[in-house]
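*Asks:* Sequence:
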Amino acid sequence: MLKRLCGTWLIAIVAFALMTGCASIPGPIPRIDATKRTYEAGFDKAWDAVNDVVAEKRLPIKTLEKESGLLATDVVSSGSRYVFYGRTDNGRQLSEWADKTRYFLNIRVRRLSDNQTQIDVLTHMEFMRYEYNAALNRSVAAGWDACESHGDIERELYDAIATRLGTR
Numbered sequence: 001m002l003k004r005l006c007g008t009w010l011i012a013i014v015a016f017a018l019m020t021g022c023a024s025i026p027g028p029i030p031r032i033d034a035t036k037r038t039y040e041a042g043f044d045k046a047w048d049a050v051n052d053v054v055a056e057k058r059l060p061i062k063t064l065e066k067e068s069g070l071l072a073t074d075v076v077s078s079g080s081r082y083v084f085y086g087r088t089d090n091g092r093q094l095s096e097w098a099d100k101t102r103y104f105l106n107i108r109v110r111r112l113s114d115n116q117t118q119i120d121v122l123t124h125m126e127f128m129r130y131e132y133n134a135a136l137n138r139s140v141a142a143g144w145d146a147c148e149s150h151g152d153i154e155r156e157l158y159d160a161i162a163t164r165l166g167t168r
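In this note's numbering, the protein residues as written are 1 to 168.
Incorrect hints may have been included.
Keeping only pairs whose Cα atoms sit at most 25 Å apart, straight-line, the calculated DSS-like set for lysine-lysine is [stated by the list, open to error]: (1) Lys57 <-> Lys100; (2) Lys57 <-> Lys45; (3) Lys45 <-> Lys62; (4) Lys45 <-> Lys100.
If you are wondering where the hints come from, they were derived from the structure by calculation, not from laboratory data.
In this text the structure is predicted, and so the values were computed from the model without any measurement.
Given these sequences and hints, build the entire structure.
*Replies:* Okay, here's the thing in structure tokens:
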């Protein structure tokens with residue numbers, strides 16, 4: 001009887017362990033890249049399209065270097081709609097209440113041939129981290145932490161550029 005009872009408990013423990021697996025904290029969010037896009041357009045036409053799209057979206061330009069093909073935006077404040085919820089690069093949990101977010105864009109335009117240009121939109125996304133302050137009995141802003149874009153910003157820009165170039 002004791003053997004049977006121990007065997008039943010052992011089977012239950014093993015089954016529970018197999019069902020739950022190794023519980024561990026998830027790592028950083030995997031990078032979701034909206035990959036580089038190639039357009040059937042010359043460099044000058046593609047460069048103008050990128051500038052037109054950035055102007056239409058009213059993104060503040062920090063750096064504009066046609067020779068190197070770099071357009072960098074200044075900080076853009078956004079709501080949480082562009083944020084990928086989950087863990088940040090440093091392992092902190094990012095939840096839906098992270099409503100103060102901002103991002104920067106680096107857009108690279110590269111000539112592949114006379115009629116082909118490659119455009120790469122790189123997004124750096126951050127959210128405001130809050131920490132509880134016992135003396136004030138409330139949460140206070142503690143700084144910006146990097147988090148991941150879920151790719152909508154990049155896709156919106158690529159699609160708008162394609163429309164502007166007439167390749168869509």
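*Asks:* Give me the numbers of the hints this structure contradicts, sorted from smallest to largest.
*Replies:* The structure breaks only hint 4.
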